[in-house]
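Undergrad: One letter stands for each residue in the lines below.
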Amino acid sequence: MANDTLKAGFDAYMAAVEAKLSKNPERTNLEPNRLYTPLDVPEFDYEKDLGFPGEYPYTRGVQPTMYRGRFWTMRMYAGFSTAEESNKRYRYLLANGGSGLSCAFDLPTQIGYDSTDPMAEGEVGKVGVAIDSLADMEILFDQIDLAKVSTSMTINAPASVLLCMYIAVAEKQGVSADKLRGTIQNDILKEYSARGTYIFPPKPSMRLITNIFEYCAKNVPLWNTISISGYHIREAGSTAAQEIAFTIADGIAYVEAALKAGMDIDAFAGRLSFFWNAHNNVLEEVAKFRASRRVWAKVMKERFGAKKAKSMMLRVHTQTAGSMLTAQQPNNNIVRVALQTAAAVMGGTQSLHTNSKDEALALPTTESVTIALRTQQIVAYESGLADTVDPLGGSYYVEALTNKIEAECWDYIKKIDEIGGAPEAISKGYIQKEIQDSAYRWQMDVEQGRRIIVGVNKFQQEEAAPTNLLRVDGSVGELQRKKIEALKAKRDNAKVAETLAALKIAAGEDESTNLIPLILDAVKAYATEGEICGVLREVFGEFKSHVAL
Amino acid sequence: MAKVRILVAKPGLDGHDRGAKVVARALRDAGFEVIYTGIRLTPEQIAESALQEDVNVVALSLLSGAHNTLFPKVVELLKAKGMTDVMVIGGGVIPESDIPGLKAAGIEAVFTPGTATTEIVKYINEHVK
Chain A
1 MANDTLKAGF DAYMAAVEAK LSKNPERTNL EPNRLYTPLD VPEFDYEKDL GFPGEYPYTR
61 GVQPTMYRGR FWTMRMYAGF STAEESNKRY RYLLANGGSG LSCAFDLPTQ IGYDSTDPMA
121 EGEVGKVGVA IDSLADMEIL FDQIDLAKVS TSMTINAPAS VLLCMYIAVA EKQGVSADKL
181 RGTIQNDILK EYSARGTYIF PPKPSMRLIT NIFEYCAKNV PLWNTISISG YHIREAGSTA
241 AQEIAFTIAD GIAYVEAALK AGMDIDAFAG RLSFFWNAHN NVLEEVAKFR ASRRVWAKVM
301 KERFGAKKAK SMMLRVHTQT AGSMLTAQQP NNNIVRVALQ TAAAVMGGTQ SLHTNSKDEA
361 LALPTTESVT IALRTQQIVA YESGLADTVD PLGGSYYVEA LTNKIEAECW DYIKKIDEIG
421 GAPEAISKGY IQKEIQDSAY RWQMDVEQGR RIIVGVNKFQ QEEAAPTNLL RVDGSVGELQ
481 RKKIEALKAK RDNAKVAETL AALKIAAGED ESTNLIPLIL DAVKAYATEG EICGVLREVF
541 GEFKSHVAL
Chain B
1 MAKVRILVAK PGLDGHDRGA KVVARALRDA GFEVIYTGIR LTPEQIAESA LQEDVNVVAL
61 SLLSGAHNTL FPKVVELLKA KGMTDVMVIG GGVIPESDIP GLKAAGIEAV FTPGTATTEI
121 VKYINEHVK
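Quick note, the sequences are listed as chains A and B, same order. Number 119 in full-length UniProt numbering belongs to position 119 of the first sequence; there are no gaps in the numbering. Number 104 in full-length UniProt numbering belongs to position 104 of the second sequence; there are no gaps in the numbering.
Worth double-checking, as some hints may not be accurate.
Only pairs whose alpha carbons sit at most 27 Å apart, straight line, appear in this in silico DSSO-like list of lysine-lysine [unchecked claim]:
(1) B/K3 to A/K433
(2) A/K490 to A/K504
(3) B/K103 to B/K122
(4) A/K490 to A/K172
(5) A/K458 to B/K122
(6) A/K458 to A/K415
Hints were generated in silico from the structure; no laboratory data involved.
Turn these sequences into a full structure, and let the hints steer you where they fit.
TA: Spelled out as structure tokens, the structure:
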């Protein structure tokens, strides 16, 4: 049998190498094996393990031709200061070949506070754009045709409010909701475990999410209703396998919640989307993407009995790893981002945001954002990586690594099932602890020299303090305050009070009452985001986290 | 001598707590008594915790860019509560040009990305009152 001679040959190779190791030593701390051969994928079954692109289990990609038809969507995450400033940046990106929008909101917006709230002090317009009402949203998308562009919004706890604002702006442009394409992040579970912009406790939060699934299935059918996100879990310090495992466990919880609310799996599962991190280790990342598609396909088919192909496809947006950018020698980050881009593309992402070189220091300047966008274009048009489907499929190493990550992922899913599902595992602090332990291990590896970060713990050099960083004007808070005051003087305040009162009553009813139409009424009456979330806070209460180090 | 007590705290709305948790754990492993507040605290809540826990050091972490507003406010409130000998240090995504202003406002040291936790431990050991 071929494998017997192969095994003998392999053993001879290894013995020969070992014999000379004292003379030709290898580097220490190498995680992978020395060499991968067919022996590392002993049960390999092409049709079962890989299949063809666009076919179950989607290991090689969710579309038959992948980037040979159309490149991934080059979607740059942007937003800062006021709606006016951010609108300028969006139009610049679209004019320069960006193919979709991605809105970054400031923290008060993400946590349901108006810019005038005492909790918003110092934070207005800092990490994203400040949106207080529909009036701001109209400015944000001024001269951008919502029938043509697809828009991703990084918004979670108040996702319903921002989605309603988007629908209302589109309506004013004459674009009906059934034409709208885009994504809301809407993934509250990873907010509790890794990202921190939660508002309400888990139960009412899950209700808002299933209300959105249901509303969109009927009214906004092309919209991705959730982006189940591993990105932030990885940024918080997890490993590659933990990133996809904890995220798919979250995905299982959302599916279960929607099924419990009486929805049919194939009515909503096709609109679930994912969000991965593209980290530094190129081949591990490619294997991670491939493994994640295979796991999700099996979960949907075998565990939930999905019938439609679309329900089983893990479609993914990717962002390069912000936490891997260094403040030291920032130009080196351009190279890191290029490698991460290569990983995401060979991994088969559907859309990509590339970080800018200066983001370990501040929000990016227009110049550095342009380089980040050009990086994607160079990979797309010049590198050849996009010219054939799943170019690393069949590599002994990549297939073995894909299997290994998949196995680790199933182990975690089993463990989380035993705890009682992702929400329970989060409330017990299990997922947070696993992430923290990995983060601490990484830091100690760097500090003790087991892991090299160029410019940080090796090849350091003296450098001048960076100049030309983007600064968000401190007056944004004041500007927003004036806008809110003007709005409140102008709008029909009786109508606002009426819509908010109706929302409050509905929120108090059980989850069969869908809150989205009521939120849409309040948004259209120009109730502020803080007012809408305030009403929901009164009814739902607020989540308080407990941290164990 | 009694153990040095450190409050690691995250003011403002920023949820990036990887750094704060890693630093808190490294400080604990270095033998300090460490209390971590969790995320999304107001300066008032942080000053109040510092008082209740009777700490020697308050270590603030912020990545959202609100440091120029929130760090000095914590110092002010600590002073107002009579905690004049508490060492306040900070870390996060903080442009170098902001550091002189923060130091003038009473933040004794600012640690930026790439800093080894051992450096923070050393600083505290050498400067704590």
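Undergrad: What hints, given by number in increasing order, does this structure fail?
TA: As far as the earlier hints go, only 6 is violated by this structure.
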